[in-house]
Amino acid sequence: EPEVTQTPSHQVTQMGQEVILRCVPISNHLYFYWYRQILGQKVEFLVSFYNNEISEKSEIFDDQFSVERPDGSNFTLKIRSTKLEDSAMYFCASSTTGDPFSTDTQYFGPGTRLTVL
Amino acid sequence: GENVEQHPSTLSVQEGDSAVIKCTYSDSASNYFPWYKQELGKRPQLIIDIRSNVGEKKDQRIAVTLNKTAKHFSLHITETQPEDSAVYFCAADSDSSYKLIFGSGTRLLVRP
Chain A
48 EPEVTQTPSH
58 QVTQMGQEVI
68 LRCVPISNHL
78 YFYWYRQILG
88 QKVEFLVSFY
98 NNEISEKSEI
108 FDDQFSVERP
118 DGSNFTLKIR
128 STKLEDSAMY
138 FCASSTTGDP
148 FSTDTQYFGP
158 GTRLTVL
Chain B
120 GENVEQHPST
130 LSVQEGDSAV
140 IKCTYSDSAS
150 NYFPWYKQEL
160 GKRPQLIIDI
170 RSNVGEKKDQ
180 RIAVTLNKTA
190 KHFSLHITET
200 QPEDSAVYFC
210 AADSDSSYKL
220 IFGSGTRLLV
230 RP
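Protein chains in written order, with my numbering: chain A, 48 to 164; chain B, 120 to 231.
Think of the hints as simulated: they come from the structure by calculation, not from any bench.
From a predicted model like this one, the values you see are computed outputs, not experimental measurements.
Glycine included, C-beta positions come from ideal geometry on N, C-alpha and C.
There's no promise every hint is true.
With a straight-line Cα cutoff of 25 Å, these simulated PhoX-like cross-link-like pairs (lysine-lysine) come out [stated by the list, open to error]:
#: 1; chain 1: B; residue 1: LYS141; chain 2: B; residue 2: LYS161
#: 2; chain 1: A; residue 1: LYS130; chain 2: B; residue 2: LYS190
#: 3; chain 1: A; residue 1: LYS89; chain 2: B; residue 2: LYS187
#: 4; chain 1: B; residue 1: LYS177; chain 2: A; residue 2: LYS104
#: 5; chain 1: A; residue 1: LYS89; chain 2: A; residue 2: LYS130
#: 6; chain 1: B; residue 1: LYS177; chain 2: B; residue 2: LYS187
#: 7; chain 1: A; residue 1: LYS89; chain 2: B; residue 2: LYS141
#: 8; chain 1: A; residue 1: LYS125; chain 2: B; residue 2: LYS177
#: 9; chain 1: A; residue 1: LYS104; chain 2: A; residue 2: LYS89
To spell it out: a stretch of chain A is covered by chain B in this simulated footprint if at least three of its residues, at any positions, have a beta carbon under 8 Å from a beta carbon of chain B; those stretches are [to be verified]:
#: 10; stretch: 85-96
#: 11; stretch: 150-159
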């Protein structure tokens, strides 16, 4: 069964450094998402992406964050200047969503644990 | 804003007993309600979902019920097994987009 994949599994960085988290969504999916989960807390929506542009972003997704689909398979989340509070597990998800009136199942990747020192 | 409340935060049951987790949501336009199971350090895995045109859905030992009027939905696990131990998250979609709003999670412990 196809799965969403993410790399790296764990990223350690110094405060102020840029990081890029990578995701390969399921191949026939059209919608892509980033969520984050601070340790022990709920999963929080960051951004959704469709047709090569952002569909929606949360208040967490400020100017330090950006997303890109650089080729036909990868979907990336960039944090330009990391802060201590960016430490979290970042999950990529994808869904088919061919129906504009229905939310399709979102399949999550294994996550990237980001640690900002 | 949009919100999903989930209760209880922890639930401990004896193997073979039933477990019930409840969620309420605020956005009356929500139509899609998935449940995810997350084992320690792993990805959230969809276990069951329900849409607003259905009141109940069952898959073997797992069932979900939805009351749109009251904006409640619940997960029922029967004949619990130790491998059911995990954190369970409910979620609801948003009328304005396909994003999912998650509940705060329920840590289920099934005692052998």
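Now for the hints, and whether the structure bears them out:
Between LYS141(B) and LYS161(B) the CA atoms are separated by roughly 23 Å; this keeps the pair inside 25 Å, and the hint holds. Pair hint LYS130(A) plus LYS190(B) does not hold up; C-alpha atoms about 37 Å apart against a cutoff of 25 Å. With a C-alpha separation of about 23 Å, the suggested pair LYS89(A) and LYS187(B) falls inside the 25 Å cut-off, and the hint holds. With a C-alpha separation of about 33 Å, the suggested pairing of LYS177(B) with LYS104(A) is violated against the 25 Å cut-off.
For the hint linking LYS89(A) to LYS130(A), the alpha-carbon distance of about 20 Å falls within 25 Å, and the restraint holds. This hinted pair checks out: LYS177(B) and LYS187(B) have alpha carbons roughly 18 Å apart, not beyond 25 Å. Proposed proximity of LYS89(A) and LYS141(B) is supported: the alpha carbons are some 15 Å apart, at most 25 Å. Between LYS125(A) and LYS177(B), the direct Cα distance comes to roughly 40 Å. Violation of the 25 Å bound is thereby established for this hinted pair.
A hinted pair counts as satisfied when its Cα atoms are at most 25 Å apart, and LYS104(A) with LYS89(A) qualifies at roughly 17 Å. Interface restraint, the stretch 85-96 of chain A with chain B: holds (6 residues with C-beta to C-beta distance below 8 Å; minimum three). Coverage of a stretch by a chain is defined here by at least three residues with a beta carbon nearer than 8 Å to that chain's beta carbons; for the stretch 150-159 of chain A and chain B the count is 9, and the condition holds.
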